[in-house]
Each structure stands twice: as structure tokens, then as C-alpha cells.
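Colleague: Given chain D, put chain H in place with the hints provided.
Residues per chain are reported as follows:
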Amino acid sequence: MDNTIVISTPPHVKSKKTTRGIMIDVCIALAPAAIAGIVFFGLTALMVELVAVAACVATEFVWFFIANKGFAAKCKNAGKVCAGWWKQFDFTSVVTGLILALILPSTTKWYEILIGSIFSIAVVKMLFGGTGKNLVNPAAAGRGFMFLSFAITTYAACKIGAIGTVDSSFVNSDATNLSGLLPSADKVTPKSYLGVLDLFLGTGVKGCIGETCKAALLVGYVYLAVRQVVKWWQPLLFIAVFGLAAWLAGGFYYEKYTLDAALILPNILSGGVLFAAIFMFPDYVTSPKGVYGQIFYLCVSAVALAVLRYLTNLEVASFVILLMNLFVPLIDRAFIRKPFGYVKAKKEGK
Amino acid sequence: MKAVKGKYYFGGVHPKGAKELSASAPLEVMPVPELLAISLSQSLGKPAVPCVTAGQAVREGEIIAKADGAISSDVFASAAGTIEKIAEETGVNGVKETFIYVKPTENGEKAYFPALKDPSAEEIKERIRECGIVGLGGAGFPTAVKVSPKTPVDTLILNGAECEPYLTCDHRLMLEKTDDIVRGARYLAKALGVANIIIGIEANKPDAIALFEPYEDIKVVILKKQYPMGGERQLAYVTTGRRIGAGKLPADLGLVVQNVGTAYAVCEAVELGKPLYERVVTVSGKAVKEPKNVWVRVGTPIKDIIAYCGGENSSPVKAVLGGPMTGVAVADYESYTHKTTSGVLLLTAAEAETKAPTPCLNCGKCADVCPMHLMPMNTAFYSAAGDFEAAAKYGHVASCIECGACEYICPAKRPLIQAIRKTKAELRNKK
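Residue numbers (this note's numbering), protein chains in the order written: chain D, 29 to 378; chain H, 4 to 434.
Because the hints were derived from the structure by calculation, they are not lab data.
Fair warning: this is a prediction, and the values are worked out from it, not measured in the lab.
One thing to keep in mind: the hints can contain errors.
[Unchecked claim] Partner residues aside, some chain H positions facing chain D, computed with beta carbon under 10 angstroms:
1) 27
2) 28
3) 31
4) 249
5) 311
6) 321
7) 327
8) 348
9) 365
10) 368
11) 371
12) 374
13) 376
14) 410
15) 432
[Unchecked claim] In silico DSSO-like links for lysine-lysine, alpha-carbon gap of 27 angstroms or less:
16) H/99 <-> H/416
17) D/161 <-> H/416
18) H/425 <-> D/161
19) H/416 <-> D/44
20) H/228 <-> D/259
21) D/366 <-> H/99
22) H/251 <-> H/416
Glycine is no exception: its CB is placed at the ideal position from the N, C-alpha and C atoms.
Just chain D, same shape as in the assembly:
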């Protein structure tokens, strides 16, 4: 017998799933949306995707190289360090880069993407401890950072649509036409100028690269659900609650209180709701741990998003994500699971 026997605590057999495998699965699920973006927006969209992914991975690599002690020693045997980096590389930065690219408009300048990507990885993720330790979603934070820093470009992309006359110049601008439900000038009756089918397929809709073609997003959702990366009910719950909230909130928005069920589908299908529901809200790191916590988190997020969209007329999905991420530690504390067969301890004296 040679001495290669390993001893450890049980279990001695484990599932084949790894962090890297899960992240590659997410990349595969994002691929249809990325390709649809290239089809609709051309090679500039491809440029955005490539720059974002490359910048994110490069930032992570540089951080790996210069963080911790022994920079000079690392420079000497750079080959070994690179091999070590590849060994621990788990594709999370690829996912961050890809998601960041897909929630940007195709007109974003390359240097803006570069700065946003570096912020996402270096500040939001690595500074807090790397994979699994970030407080907020790096892609959402990167997008928020870019929105505030390069207001002009991204502001237009966020605009839900001015309250006012809808003219063709606006429709043809690069603004995310969040809504098929662009409110008409008199704020009396909702009026949709884009068909639900157009919104679903993304034809004729301007917006962010990955958010326009809802059909491609659904393909990604099915893949994630089948591979059990995302719990199948999570995006559905979010969308259902969001639709309900949008329906009710829409009623309050118009001067004459009307509940119009026709508002539900355009609300869901416009902007980044589906993308956020499938790829951003169920994110492992920044969502609560327990099932009850997750249900609470998704429901509150969905209501907040639906209401804030009406109030601001902006696509606020990434800001709602950032906001809700900060509540996650509190939700985790509040929702502790009851163990199997748990009986409430009887108070003394009773």
C-alpha cells in the first residue's frame, strides 16, 4: 500500500458540482441574450461585451498578482503565479463582466465600460474579500457607478420615457423603452405604443444589450432551472409579484383610478425586469440564505421595483437590487429556520 490515502471527516463522496461549473452554467445561460444583443445592436454590442469581460477578468488577475505580500517574489516566478491563478479561477468575474455588459446600452464608450468594470471587481468584490464576500451585486453596483459618473450616456438609457408626448425621435433614441405603457400626455388613460410581441422578441425596441430580447432570456432561464443553478420558482415568484404590484400601482398613477390588466404584460416585458428576475435577484451571494428569507426578499424587491418605476419614470432595477442587497444580512437574521420537529420551548411556571 502506498501512502496516498487521505483521511478527513465524512462524507467521503460528494456531488460533482463545483463553483466553477455553476459559473460556467450561468455564462452559458447568458449566451442567448448576449447573441441576441449582437444581432439587434451590431458589432458595438460585441465590443461592449468583450471589453467588460476582459476588463473584469484582468482586474481580478491584477488584484491576485499585487494583493498580499511578496510582490517581487511573485514577479520572479510569474509563470507559477499564473498557474495558481488559473487553478483558483472560478469564472465569477466572467459572469460579472457579462452581466454588466448586458445591462449597458450599446452606445457606451469603451473607457466608460473599462472604469465601470474595474470598479465592479476591484472595489465592490475584491476589496470586500473576493468571491462570496461581496455585500452587493458587483454588476449592479458597477452600473450604478457608471450611471452617476457618466450621467449623459446612461441617463438616456435609463429613461423610461418622458411624461409627455411620445414622439418618434424618442422612440428611436437609445433610451430603454421600458414601457409599452408610456403614459400618454394627459395622464388619463394608459396607452401602449409597442406591441407585447415586439417587446417579447425585442424587435424595434431600444434598450440595453441583453435586456431587449425576452425570448433569449427565457431560454437562459430554462437552462438555469434545468441545471438547478437557480431555483425554478424564484424568477417566477418575482415576476408574478411584480406584475401584481405594477397592476395595482398603475391604477394609482392615472388621475382616474383605473385598474387595467393590460398593463401587466407590457410592464413585465419592458426594460430590465426579466433580466434582473432571472440573473440578478437570485444571485447566491447577495440574496438571503433560507427559503423564507428568499421569498420575503423577492416579494419586497418586486413591489419596490414596480412602485419606484412609476414614481421615477426611470429603469431602477439595478438600484433596487443595490438597495435590497443591503437588507440581506438583516433578513438573514430575522428568518432563522425552525429545525425538524421543533417544539416551542414552554415558558417556565406554566
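Modeller: Using the frame of chain D, we list chain H on its own:
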């Protein structure tokens, strides 16, 4: 009775069974090895106290150590021979254990108790105690204590789930000794004074289910193939719908759970007067040349068992005593079987997982599969930070049955069971 399906149970994992390796190998009796080392720590509770001295001749089945206290059991000579020495050595768990070394001789004389004909409840209880029978499922709780519950019980549950991958010893026993198991169960039921006997068998053993169906006094429940279906609390819920919470015993809810192997041992103890000194052990894993199910005497060296099964096929990465989900990994083959050793597994690199852990992703899969509905990630997080009170509070460590489902599913390969055991030990030391 006609088999019925068990209740739905939330939580659990579906590891690859790998039972096909040894499932078709009939039970074989392994020849007596050259030297036996019988540990005195054969059950929960205190180790037994030796009642023989070095150089003394013993017969097969003769008592060599007496139980010390209520939760302890007698130990018997597994073969006729002479006592070589009584020595303290480090056991498989890293704890010091006292071993009695027996050098077997050709003399095949047996020292059994007299057989009982139509025994009363008290006689059965006494026989179970004097034959040193312990739960053969793995925990090693003395059966004599279990058949004398302090609260009234109404149901006896036989555990034929065998949810651990690789292991097939209970399966083979159920196939080949069906009637003995049923008779043993009837003795147990009589000792307990209960009328209901339920046997839970996992759906992947249809042949065993079919064999138990003809018995009119036994209710067969088909369990979903899911780990850990054979856990005491899980089995009790699936078969009867009663929830046994933390700190409670099955007897508190009127149940007694016994392994099918234990029922067989009870049958032999009553009808033959045979003390518990041998059991079926599954020898399996892709690194074993001929996977088998063998009758092994307590105290048999692991290396002899492996040699009996043709030796190594390829060099193993892990050697495990027991099942792969809860068993103990040993560093070499210089250890000996106990009453509770259900398997000897040699796992190749393709089977055993030895990857280094990566950072926790907070994915919550461990909580989703926990059969006790706990949150293992909290325990791991707080115990790594050294805050064991919080680890116990937010992870409900006290309820953990250490089944290993959480660590099995973890994509980051976090050592969760290690963290849980560490927390339990730290809290014990503080008290």
C-alpha cells in the same frame, strides 16, 4: 401486508448508489483470521471491563469483558483461542481504546446460551442484554436499553432503508434471512408489548420488498430513494408521520426503531443462544478486486478482510470503515472491525472527493438538502470566526444528525461536518 408508499419528506440528497458493485454477491463466511483484536468500546457509553487475563483459553462466544453501566454492552470472544494480551491502542477515531487480542486455535468449541422456546417478554429482554446486542445500523446503542423504554410505545419500526451508498449488507440479509428477521422482529415486538410492526425499505430494493409482503403482521413501507431515509427521525416521520424533534427519543413518541441486522441478531440470540460476535460487512469500492458481503467476526483486521476479497485493484484514495456518507476514513489497514462496522470501502480517486475547499458562495444548497431543516452555512461561518455560541444559535447545531448531506451537495466543497463537530465539541468542553 401489501407495501404502501411512505410520506413525502423535505430535504435530502441523491448520491450515486454504487450498490450494484456488491448487491448480487451472496453472503459468505470469512475464515477465522490469525489474530483478532476485540475492542472494548463496542457501543455508546463506557467501554466494557475485561474479565479474562492474558494466557487464558476462551471458547467461541465466551464473555471476555463485562458491561460497565447501563449504556454499555458485554463483549465476547469472536473465536475459540487464547488471550494473547490486553493492550491500549489508538482506535480509528483517534481515541484510545483497549483491545483484547485473541489468538484463535483449531478448537471449535462454542459457549452459547441455552436456546429459548416460546420465551416471555422478560426472558427476551434478559437474553438481548446477556448477548450484548447493540444497534447494528451504526450508532451502537445497546438494544437492551431500547427494549425497556420509560414511556409507553405502540409501534416497532424495522429499518431496512440502507440509504448509504455502496452498502448492501442489510439488503443481502433481507434477501437471504427474511424469515429470521421477521421472527426476530416478533421477539422484539413481544418484548416491547407492541402489536404494530412496520418495515421501511428503500424503493431501490424491490426484491426485498416483495419478500416481506407475504407476512400478514408486518406493514411494508416503500421509501423514496433519498439519503438519509434511514435516519431514525426521517424513517419515523415517513412511516408514521410523527416528528421526533431535537433532544427527543423515538420512545417519547411511542416508537422504537431497530435495524434489520439487529432483528436478525435478536433472532439468533433467542433461538440459538448465540451472542453477538459476528456481523455482515460489505466490502466494496472500485479499488477492491472482488466486492463481497461477508460474515466477519468482531475484531477482524481490515487487511485480512481486504485480502479475503482479492486485495486491491488499484491504489485507493480513501479507505472508509462504514458507509461513505458517515463512515470513518482510516489512514492504513491496521485497524479492526467493531460490532457497528457495516462496511469496508476502498474508494478510487474517481469516487472519493478530495478537492480543496473554495470560498462559500452562500448558495444555500446545504440548507435546502438538510433533512433536519437546519442552516449549516451559519454554523460553518460562525465556527470559523470562533463564535461557537452564535454557530449553535443560528445553525441549530443541537439538532444536527451529522448525515453529511450538506457537505455532499456543497459546490464549494466546504468542510461543513467538520465545522459542526468542532462546534459541538467546543460547546461540550465549555459546559
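Colleague: If a hint holds in the structure, say so; if it doesn't, say that too.
Modeller: Hint check results:
1. 27: Violated. Min distance 21 angstroms.
2. 28: violated, 20 angstroms
3. 31: violated, 24 angstroms
4. 249: Cβ of residue 249 of chain H sits 6 angstroms from chain D, so the hint holds.
5. 311: violated, 16 angstroms
6. 321: Interface hint status for residue 321 of chain H: holds (5 angstroms vs cutoff 10 angstroms).
7. 327: holds, 4 angstroms
8. 348: With Cβ-Cβ at 8 angstroms, under 10 angstroms, it holds.
9. 365: Holds - the Cβ of residue 365 of chain H comes within 10 angstroms of chain D, reaching about 5 angstroms at its closest.
10. 368: For residue 368 of chain H, the interface hint holds, since the closest Cβ of chain D sits about 8 angstroms away, which is under 10 angstroms.
11. 371: Holds. Min distance 7 angstroms.
12. 374: holds, 7 angstroms
13. 376: holds, 5 angstroms
14. 410: The hint holds - residue 410 of chain H has a Cβ within 10 angstroms of chain D, the shortest such distance being about 5 angstroms.
15. 432: violated, 18 angstroms
16. H/99 <-> H/416: This hinted pair is violated, its Cα atoms lying about 30 angstroms apart.
17. D/161 <-> H/416: Judged against 27 angstroms, a Cα distance of about 16 angstroms means the pair holds.
18. H/425 <-> D/161: holds, 23 angstroms
19. H/416 <-> D/44: holds, 10 angstroms
20. H/228 <-> D/259: The given pair, whose Cα atoms are some 22 angstroms apart, holds under the 27 angstroms limit.
21. D/366 <-> H/99: violated, 38 angstroms
22. H/251 <-> H/416: violated, 31 angstroms
Checked against the numbered hints given earlier, the structure breaks hints 1, 2, 3, 5, 15, 16, 21, 22 and satisfies all the rest.
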